[in-house]
Each structure stands twice: as structure tokens, then as C-alpha cells.
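Novice: Listed in order, the protein sequences are those of chains A and B. Numbered by the working numbering, the letters in the first sequence go through residues 1 to 191 in order. Numbered by the working numbering, the letters in the second sequence go through residues 1 to 419 in order.
Derived by calculation from the structure, the hints in this document are not laboratory data. Just so we're clear, the structure is a prediction, and the values are computed from it rather than from any experiment. This list has only true hints and no planted wrong ones.
DEER-style ranges, computed between Cβ atoms:
| # | chain 1 | residue 1 | chain 2 | residue 2 | range |
| --- | --- | --- | --- | --- | --- |
| 1 | B | Gly280 | A | Glu135 | 19 to 25 Å |
| 2 | A | Asp138 | B | His264 | 29 to 35 Å |
| 3 | B | Ala160 | A | Ser70 | 44 to 50 Å |
Computed list of lysine-lysine pairs in PhoX-like fashion (alpha-carbon distance at most 20 Å, straight line):
| # | chain 1 | residue 1 | chain 2 | residue 2 |
| --- | --- | --- | --- | --- |
| 4 | B | Lys235 | B | Lys107 |
| 5 | A | Lys113 | A | Lys134 |
| 6 | B | Lys235 | B | Lys246 |
| 7 | B | Lys279 | A | Lys75 |
| 8 | B | Lys295 | A | Lys16 |
| 9 | B | Lys240 | B | Lys100 |
| 10 | B | Lys42 | B | Lys13 |
| 11 | B | Lys100 | B | Lys235 |
| 12 | A | Lys75 | A | Lys134 |
| 13 | A | Lys75 | B | Lys295 |
| 14 | B | Lys279 | A | Lys171 |
| 15 | B | Lys278 | A | Lys171 |
| 16 | A | Lys17 | B | Lys295 |
The C-beta atom is built at its ideal place from N, Cα and C for all residues, glycine as well.
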Amino acid sequence: MNIKLSELGRLQDLFKKLSAGSHINHQQDNELWADLENQRDAYQALFAALGYELTVDSRGFAYFNTDQASSYTGKLTRRLALLLMLLFEYQADQGAHLFQFQQWRLDGALLEKLWQTYRALLEAEEIGTALALKEICDSATRVGFLLAEDGAYRLLPAVHRYLDLFEELAKAERHEEAPTDTEDDALEDNL
Amino acid sequence: MINPRSLIRALDKHWEAIERIVALGQEQIAYERDELLALLGKVYVHESGEQRLERLQQMVNTELLIPMSHSNMLQLNDTVRQFVGSLLHEHELGLSDILKARIVDIKDGLEQLHRALDEHDMAALQRGAVRIDNQLRQILQQLDQDSHAIQAIAERAKSADERMPLARRYREVLEAFDRYILPMTDLMDTGAGGSFYPLLEEAGRTLDALAQKLAVQGGLYSHQLMLRQVGFRVKDLRNKGRETLKHCTNTLMPLREEMRRHNHLSAAIALLLGEVRKKGLRRALPADRLPLWRKERGFLVSIGPELLTLMEQARGYRAKGVEFPEAIGEASDMPMERVDEDAIRAHLQQALPVTDLLSWLGEHYVHYQDVTVLRLYHKLIRLPDIDAAPNPEETRITLKRVAIRLHSHRMETHEHQIK
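In isolation and in its complexed conformation, chain A is listed as follows (with noise of 0.2 Å):
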């Protein structure tokens, strides 16, 4: 294909934001992203063609995939793991809506709610203070999970790459249960 370097504007700004292992989101980034969408297919030759595979969702957000974790990575993506989990589990018992994630507020006095409530769990996972309940969201900030905000965080739309891999998870536990309601499927159908 061929691709006209002119038209893609902001190829620098992406390029420096996602080798730098941060998200984009349209949120957050709305001119990349809009640029982003509107080149997407010149902007993924280019990108694989230099080797980087950059993956583009319909949610809201982009990022460089890769299939092996530098030690940061790994240690970050575990932990962000497990205070999403704990934060959506205690959202859920709040009554909020989960999909509605991005309005939440995640400030000082959630994260010392979730520590206290969450703390025999968190401490065996080797997280033993609020405060690094905090680190954890300043390095997920750093790479384009959360948005830091007047002395608090807000989910952005990559956390979703989260949630997709919990659904998963649990799908493969629990794959032996009953089939999926095939009554809506046949609603659908219908209309």
C-alpha cells in the first residue's frame, strides 16, 4: 500500500506516546485519536513494518501489543490486575454501574476504603499500604490506564482490556456450566 507521510500529522506524537508503552485514548488524546482513526490502516503498515503491532480498539483505545512482559510490565499489569478486580468489586457492591467505570472517582478515600476493606488480601499479595495502592495508579497513569486529576484517578477507556480479560478468565472456570440463554438469541433473530 501506499502511504503518504504528509497526511499522517501526528505520526511523531503517536509514535513517541505508544513506544513509550502508554495507551492512547480517545478520551484523554482526542486529536491522536481522531487522527488515529481516520488513518488507522496507514498508520498500522507503517507501524508493522518497523515491527510494532499497534491494535486499535472500537472502545476508545490503541496501544503497541506485544506478547513478552519486561519486568516492569509484569509486575504492573499483575497488580493493576488486582485493584481493577478489587475496585469493580467493591463498585459492584456499592451499586454502581460498571460499565459507566470512566465517571468514577478513584481518590485518596477510596483507595484507603479499598486497602482497609480489601487489606488481608492485598497484604498477601504483597501490598502493604495504602500508599502503594497509589503507586500502582501513578504507574497505570504513566502508561494510559488511568487519568490523574485534581488529586484524583479516573479509569480510561484501556481498562476495558482488563475487563475482557476477566470475562475471559472466568468463562474458562466455569466453561462446564449450562449453555448461554438461546431465548434472546432467537429475539434477535427475530427482529
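Got chain A sorted already, so can you dock chain B onto it with the hints?
Specialist: Same frame as chain A, but now just chain B:
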């Protein structure tokens, strides 16, 4: 007995209050007088207490409000409640069972039409057509109301207090879906499973056939027209039914899906957290499945002030002189010697065989320095055309300055050269 005209006039006069009272009706059945007076106070702010009391009395006199039996509370006249409710689209969701009852009635009506035509009873034909038309109209109205009611349910679910647990917020949605959408879907099914839609198709066909028959028999035009009008309404209803169902499903389905996804996710997370508690994070979340992202570390070479200093220093560089010790000894005194190697070689060729090369050299070339003699010795034993073999006995030869003990070489002509 209510006088319709005065009721409507009264409704117009007290509309603001009635509107509020109908809205309140969703939560309560009857109202205390004081409660109503307070409500009037909110609506008609500029009126005095006496005026409000008078207004309330008027509402009772015109039968907008009726005293409840066995108590002194007031209730809204049911005709008024229905009328105002339908004007304001304040509806409870209709029951699909009511729809079923109407369908049975339409079936009866169609049979009545057949009979009437067979017996040439035009009065019965008219009655049957009106009966079917009435039912069709009722169904159309119900569908319209249902559509509004579903919209209202969705709105309520979305705008309800966010702190309220999601399951409670969406309960009405789920109930509406199960109670209304699912049975409706069954009814509207165009295949063998449905009862409503196929019936409408059949009704349409029957009405057309009857109208045609009537035309052939030479019936009154007004009767033919009547059958056709009912036929149109049937077609209308067929479209409207499908549209309403689609609209309602489209409204509720996303909410229901959202709710289901929400439940899926929270169940999944609860399950995983259970695993984490049992097995630990490391084993519950396998490393190869966790989200990863590629990170490149950039290496930058920049020319900073340190490098400039370094270059400055390099410019002014002076090599440090290191004094080497003076070369001493004879080597420097030793004069270079001219050695005619070819002549020596020719000399050796003539002298062959030589039993002891070093002695021979010492004998003939004693005027050369020891170093030169030794060099010649080593050169001559390597000559390609002369055989050199070390003597088995060790000899000791004294040169000018040094004495050497060695197995001196014996030199002979090459064997094949002799041959």
C-alpha cells in the same frame, strides 16, 4: 350522574391542579382534604386560603373529585383519571393477556361476518364489522400506549438515583421485558408460533374476500366500503404491531443487555477474586494472559556542556615527555658488517662435505663477530640444496667472545644431486 359538558368545563378551570393530582395517583389511591388544600396552595400561589377552600368545594361539586365510601377522603373521578391519563400518556403497561382476549373477539367477529353474508343479514354484517373495528382500534390504542409506557420505564431506569443499586434501578426494565416484550414477540411471530400476526393476515384476506363476494352479489356500496375500511385498519395494525414491538425492544434491549453484561462482569470478578484468595494472584492470573504493552527505551546522545569541556581539554593537549634511559652497551658500538652471503654459500658448496659447520665457520670466517657467525650458521643449515644433520656428539666451540656447546651440523651434498 356527571354532566359531561360541565365536567369538561371544570377540568379546564382546574387543569393545573388535576394534572398534579393525576401524577400523585401513581403513588396513592385517595387524598386527605388538607393534603389537597396544600397542593392547591402550591399550584395557585396567589389565592387565599378561603379561595382555595372554595376551589376544592367546586371540584367536589362538579364531580372531578368524589368522596370515597366509608371515609371522608377524596378520590379522583375515574373517568377523569382515564381521560387525563391518556392525554398525558400516563399509562401502565398493557397486558399481553388483554391483547389475547381481543384477538379471540376478532376471531368471533370474523365468524359472525361469514354467517351474516351466508344468511344475507346485512344488519349482522354491519354489527360484525363495527365489532371487529372496535377491537382493532382498542388494540392500536393499547400498542400506542405501551410504546409510551416502555419509553417511560426506560427513562425512569436511566434517570433514577445513581446511588441506588443497579439491580433495583433496572428491575422495572427486566420485568417489562419479561412481562411484555417476550409475550409480544411470541404474539407477533410471523411463523407458526405466533397467534396475532397470522390472525391479522387471515382477517385481511377474509375481509377482502367478503367485500369481493358482496360486490359480486350486488350488495350496498356502503357495506362494501365498510368491509374495506376494516380491511385497511387490519393492515394498519399489522404494521403498527411490528413497529411497536421493534421500538419497544430497541428501547429495552440495550438496558437489559447492559444489565446482563454488568452481572456477567461482576460475577466474573467475584469468581476470579475467589481464585486469587485460594491460589494467589500469580497462579490465578496466568502471566501470558495479562494485558501487555510494548515499551521501547529510547537512547539519546546529546552534546552537552560536559562534552565541550572535554573537547577544550583535548585541544590544549600536550604530550608529556618521558625520558627513556640511555641505550648502553656494545650493541650501539657494534659496527655494521658487510657480509657477502653468496660468496660464503659458494665457498661452503666447494668445501662439502663439512663435518662440523660451526667449526668450519669459526675456522674460515673468524674475522666476523660472534653474532654474525651464528646468524650465518643458522642460515646455512637451512639451505635447500644441502643436507644438514646434527652430529650425535656434542662439541664445544669457542668463538671470539662466547663459547657454544652444541650438536653442530654436518653438511653434505643433497643425495639426489649426487645421483
